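Novice: Sequence:
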Amino acid sequence: MAPIRLAILEADVLAPTTAARYSNYTGLFTSLLTSALAPSALAPRFAIARHHIFKDTSAYPALEDVDAVLVTGSKQSAYQDDEWILALVDYVRRAIEGGRVRVVGVCFGHQIVGRAMGVGVGVSEAGWELAVTEVDLSEEGKKVFGLEKMRIHQVHRDEVKSVPPNIHALASTPSCPVQAMCLPGRYLTIQGHPEFTEDIVREIADRQHGMGSVSDELYEDAIRRVGLEHDGVAIARAFVKFLEE
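As numbered in the working numbering, residues 1 to 245 make up the sequence shown, in order.
Calculated directly from the structure, the hints in this document are not laboratory data.
One or more hints might be untrue.
Unchecked claim - Only pairs whose alpha carbons sit at most 16 Å apart, straight line, appear in this in silico EDC-like list of lysine to aspartate or glutamate:
1. K75 with E148
2. K55 with E97
3. K55 with D81
4. K75 with E203
5. K143 with E217
6. K55 with D82
Just so it is clear, the structure is predicted and the values come from calculations on it, not from any experiment.
Sequences and hints are given; from them, build the entire structure.
Specialist: What follows is the structure, given as C-alpha coordinates:
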(Lines of atoms letter the chains of each structure in order from A and count residues from 1; the text may use other names and numbers.)
(Lines give C-alpha, C1' and ligand atoms only; values in the text may rest on other atoms or scores of the structure.)
Protein backbone atom coordinates (compact mmCIF):
# COMPACT_ATOMS: atom_id res chain seq x y z
CA MET A 1 0.00 0.00 0.00
CA ALA A 2 1.33 3.45 -0.93
CA PRO A 3 2.01 5.85 1.93
CA ILE A 4 -0.56 8.52 2.74
CA ARG A 5 0.45 11.82 1.15
CA LEU A 6 0.21 14.21 4.11
CA ALA A 7 0.66 17.94 3.50
CA ILE A 8 1.59 20.01 6.54
CA LEU A 9 0.15 23.49 6.02
CA GLU A 10 2.36 25.71 8.16
CA ALA A 11 0.39 28.76 9.30
CA ASP A 12 3.25 30.39 11.21
CA VAL A 13 6.92 30.11 12.13
CA LEU A 14 8.25 28.60 15.34
CA ALA A 15 9.73 30.61 18.19
CA PRO A 16 13.55 30.90 17.92
CA THR A 17 14.68 28.22 20.39
CA THR A 18 12.08 25.76 19.11
CA ALA A 19 13.05 26.51 15.50
CA ALA A 20 16.69 25.80 16.31
CA ARG A 21 15.68 22.27 17.31
CA TYR A 22 12.87 21.41 14.86
CA SER A 23 13.40 23.96 12.03
CA ASN A 24 9.67 24.39 11.36
CA TYR A 25 6.21 23.04 12.10
CA THR A 26 6.72 20.18 9.65
CA GLY A 27 9.76 19.06 11.61
CA LEU A 28 7.82 19.37 14.85
CA PHE A 29 4.87 17.30 13.65
CA THR A 30 7.17 14.76 12.02
CA SER A 31 8.82 14.34 15.41
CA LEU A 32 5.42 13.85 17.07
CA LEU A 33 4.28 11.28 14.51
CA THR A 34 7.60 9.48 14.83
CA SER A 35 7.02 9.23 18.59
CA ALA A 36 3.56 7.80 17.93
CA LEU A 37 4.65 5.27 15.31
CA ALA A 38 8.39 4.62 15.81
CA PRO A 39 10.97 5.85 13.25
CA SER A 40 10.91 2.73 11.09
CA ALA A 41 7.11 2.86 10.76
CA LEU A 42 6.69 6.48 9.64
CA ALA A 43 8.08 6.44 6.10
CA PRO A 44 6.14 3.38 4.88
CA ARG A 45 2.87 4.90 6.09
CA PHE A 46 3.22 8.65 5.46
CA ALA A 47 4.87 10.78 2.79
CA ILE A 48 5.06 14.16 4.54
CA ALA A 49 5.44 17.38 2.55
CA ARG A 50 5.95 20.89 3.88
CA HIS A 51 3.85 23.82 2.62
CA HIS A 52 4.54 27.16 4.30
CA ILE A 53 1.22 28.88 3.60
CA PHE A 54 1.66 31.67 6.18
CA LYS A 55 0.95 34.87 4.20
CA ASP A 56 1.51 32.94 0.95
CA THR A 57 -1.57 32.08 -1.10
CA SER A 58 0.53 30.32 -3.77
CA ALA A 59 2.03 27.61 -1.56
CA TYR A 60 -0.85 25.11 -1.52
CA PRO A 61 -0.60 21.65 -3.05
CA ALA A 62 -3.28 20.67 -5.53
CA LEU A 63 -5.94 18.68 -3.70
CA GLU A 64 -5.60 15.84 -6.20
CA ASP A 65 -1.94 15.50 -5.18
CA VAL A 66 -2.58 14.89 -1.47
CA ASP A 67 -4.54 12.45 0.66
CA ALA A 68 -4.59 14.51 3.85
CA VAL A 69 -3.68 17.94 5.17
CA LEU A 70 -2.74 19.08 8.66
CA VAL A 71 -3.26 22.76 9.48
CA THR A 72 -0.91 23.95 12.21
CA GLY A 73 -1.23 26.49 14.95
CA SER A 74 -0.48 30.17 14.50
CA LYS A 75 -0.13 33.39 16.46
CA GLN A 76 -2.67 34.86 14.03
CA SER A 77 -6.43 34.78 14.58
CA ALA A 78 -8.58 32.53 12.40
CA TYR A 79 -11.43 35.05 12.33
CA GLN A 80 -9.36 37.73 10.60
CA ASP A 81 -9.97 38.52 6.93
CA ASP A 82 -6.37 38.68 5.74
CA GLU A 83 -6.04 37.37 2.18
CA TRP A 84 -3.97 34.35 3.19
CA ILE A 85 -6.41 33.38 5.97
CA LEU A 86 -9.38 33.60 3.61
CA ALA A 87 -7.45 31.45 1.10
CA LEU A 88 -6.78 28.87 3.81
CA VAL A 89 -10.43 28.77 4.86
CA ASP A 90 -11.46 28.25 1.23
CA TYR A 91 -8.86 25.52 0.69
CA VAL A 92 -9.93 23.64 3.81
CA ARG A 93 -13.60 23.95 2.88
CA ARG A 94 -12.92 22.52 -0.57
CA ALA A 95 -10.86 19.69 0.90
CA ILE A 96 -13.62 18.72 3.33
CA GLU A 97 -16.47 19.08 0.84
CA GLY A 98 -14.58 17.05 -1.75
CA GLY A 99 -14.85 14.05 0.56
CA ARG A 100 -11.52 12.38 -0.28
CA VAL A 101 -8.85 14.52 1.42
CA ARG A 102 -8.90 14.26 5.20
CA VAL A 103 -8.17 17.30 7.34
CA VAL A 104 -6.53 17.52 10.75
CA GLY A 105 -6.63 20.91 12.49
CA VAL A 106 -4.56 21.89 15.52
CA CYS A 107 -5.33 25.07 17.53
CA PHE A 108 -5.49 27.75 14.81
CA GLY A 109 -6.14 24.87 12.41
CA HIS A 110 -9.05 23.70 14.58
CA GLN A 111 -10.49 27.21 14.36
CA ILE A 112 -9.94 27.38 10.59
CA VAL A 113 -11.94 24.17 10.17
CA GLY A 114 -14.70 25.63 12.32
CA ARG A 115 -14.81 28.77 10.18
CA ALA A 116 -14.73 26.70 6.98
CA MET A 117 -17.73 24.75 8.27
CA GLY A 118 -19.66 27.93 8.98
CA VAL A 119 -19.51 28.26 12.77
CA GLY A 120 -18.35 31.25 14.78
CA VAL A 121 -14.72 31.79 15.76
CA GLY A 122 -13.58 34.57 18.06
CA VAL A 123 -11.85 35.66 21.24
CA SER A 124 -12.75 33.66 24.33
CA GLU A 125 -14.42 35.67 27.07
CA ALA A 126 -12.53 33.47 29.54
CA GLY A 127 -9.16 34.55 28.18
CA TRP A 128 -6.05 32.43 27.86
CA GLU A 129 -5.67 28.71 28.35
CA LEU A 130 -1.98 28.05 28.82
CA ALA A 131 0.21 24.98 29.57
CA VAL A 132 -0.94 21.46 30.45
CA THR A 133 -4.71 21.47 30.99
CA GLU A 134 -7.18 18.70 31.84
CA VAL A 135 -9.87 18.32 29.20
CA ASP A 136 -13.15 16.46 29.61
CA LEU A 137 -13.99 13.98 26.86
CA SER A 138 -17.44 13.05 25.60
CA GLU A 139 -18.18 9.37 25.13
CA GLU A 140 -17.33 9.77 21.45
CA GLY A 141 -14.17 11.63 22.39
CA LYS A 142 -13.05 8.77 24.60
CA LYS A 143 -13.42 6.42 21.65
CA VAL A 144 -11.60 8.70 19.21
CA PHE A 145 -8.63 9.47 21.47
CA GLY A 146 -8.49 6.22 23.44
CA LEU A 147 -8.44 8.15 26.71
CA GLU A 148 -10.76 8.60 29.68
CA LYS A 149 -9.40 12.08 30.39
CA MET A 150 -7.15 14.21 28.25
CA ARG A 151 -4.20 16.29 29.35
CA ILE A 152 -2.81 18.58 26.67
CA HIS A 153 -0.73 21.72 26.28
CA GLN A 154 -2.85 24.79 25.57
CA VAL A 155 -1.68 28.09 24.10
CA HIS A 156 -4.74 30.05 22.99
CA ARG A 157 -7.23 32.78 23.74
CA ASP A 158 -9.37 32.36 20.61
CA GLU A 159 -11.96 29.61 20.29
CA VAL A 160 -14.55 27.90 18.13
CA LYS A 161 -17.90 29.11 19.45
CA SER A 162 -20.03 26.07 18.54
CA VAL A 163 -19.85 22.79 16.65
CA PRO A 164 -21.32 22.49 13.15
CA PRO A 165 -24.73 20.74 12.98
CA ASN A 166 -24.64 16.96 13.38
CA ILE A 167 -20.93 16.97 14.25
CA HIS A 168 -19.37 14.99 17.08
CA ALA A 169 -18.23 17.28 19.91
CA LEU A 170 -15.33 15.39 21.45
CA ALA A 171 -13.94 17.48 24.29
CA SER A 172 -14.46 20.54 26.48
CA THR A 173 -13.13 22.60 29.35
CA PRO A 174 -15.15 25.03 31.50
CA SER A 175 -13.55 27.99 29.73
CA CYS A 176 -13.57 26.53 26.21
CA PRO A 177 -16.52 24.23 25.44
CA VAL A 178 -15.37 23.23 21.92
CA GLN A 179 -11.98 21.61 22.45
CA ALA A 180 -12.20 19.01 19.68
CA MET A 181 -14.58 17.92 16.96
CA CYS A 182 -14.81 15.24 14.31
CA LEU A 183 -16.69 14.35 11.17
CA PRO A 184 -15.61 10.74 10.51
CA GLY A 185 -13.76 10.40 7.24
CA ARG A 186 -13.58 14.18 6.75
CA TYR A 187 -11.91 16.05 9.62
CA LEU A 188 -10.56 15.75 13.16
CA THR A 189 -9.59 18.86 15.09
CA ILE A 190 -8.25 19.79 18.49
CA GLN A 191 -7.79 23.13 20.26
CA GLY A 192 -4.71 22.12 22.24
CA HIS A 193 -1.19 21.34 21.04
CA PRO A 194 -0.22 17.64 21.15
CA GLU A 195 3.03 18.55 19.38
CA PHE A 196 4.19 20.97 22.08
CA THR A 197 6.59 20.12 24.89
CA GLU A 198 7.49 21.75 28.18
CA ASP A 199 10.35 23.71 26.62
CA ILE A 200 8.21 24.96 23.73
CA VAL A 201 5.38 26.19 25.93
CA ARG A 202 7.78 27.70 28.43
CA GLU A 203 9.37 29.73 25.61
CA ILE A 204 5.96 30.93 24.41
CA ALA A 205 4.79 31.76 27.95
CA ASP A 206 7.98 33.71 28.65
CA ARG A 207 7.52 35.71 25.45
CA GLN A 208 3.83 36.46 26.03
CA HIS A 209 4.50 37.41 29.65
CA GLY A 210 7.35 39.67 28.59
CA MET A 211 5.05 41.38 26.06
CA GLY A 212 2.46 41.95 28.78
CA SER A 213 -0.30 39.90 27.13
CA VAL A 214 -0.17 37.31 29.93
CA SER A 215 -0.59 38.50 33.52
CA ASP A 216 1.82 37.61 36.31
CA GLU A 217 -0.83 35.40 37.93
CA LEU A 218 -1.62 33.50 34.73
CA TYR A 219 2.07 33.13 33.89
CA GLU A 220 2.95 31.75 37.31
CA ASP A 221 0.05 29.29 37.16
CA ALA A 222 1.12 28.12 33.70
CA ILE A 223 4.72 27.63 34.77
CA ARG A 224 3.51 25.42 37.65
CA ARG A 225 1.77 23.15 35.12
CA VAL A 226 4.09 23.36 32.12
CA GLY A 227 6.11 20.29 33.11
CA LEU A 228 3.19 17.99 33.87
CA GLU A 229 2.67 14.81 31.88
CA HIS A 230 0.42 15.16 28.85
CA ASP A 231 -1.18 12.95 26.21
CA GLY A 232 0.41 14.34 23.07
CA VAL A 233 1.58 10.98 21.76
CA ALA A 234 -1.80 9.33 22.40
CA ILE A 235 -3.48 12.17 20.50
CA ALA A 236 -1.03 11.71 17.63
CA ARG A 237 -1.99 8.04 17.50
CA ALA A 238 -5.62 9.13 17.19
CA PHE A 239 -4.60 11.34 14.25
CA VAL A 240 -2.92 8.35 12.60
CA LYS A 241 -5.96 6.16 13.15
CA PHE A 242 -8.25 8.83 11.68
CA LEU A 243 -6.00 9.28 8.62
CA GLU A 244 -5.69 5.56 7.97
CA GLU A 245 -9.29 4.49 8.54
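Novice: Give a verdict on every hint.
Specialist: Each hint tested on the structure:
1. K75 with E148: violated (30 Å)
2. K55 with E97: violated (24 Å)
3. K55 with D81: Answer holds: K55 to D81 is near 12 Å, not above 16 Å.
4. K75 with E203: holds (14 Å)
5. K143 with E217: violated (36 Å)
6. K55 with D82: holds (8 Å)
Hint check: violations occur at hints 1, 2, 5; the rest are consistent with the structure.
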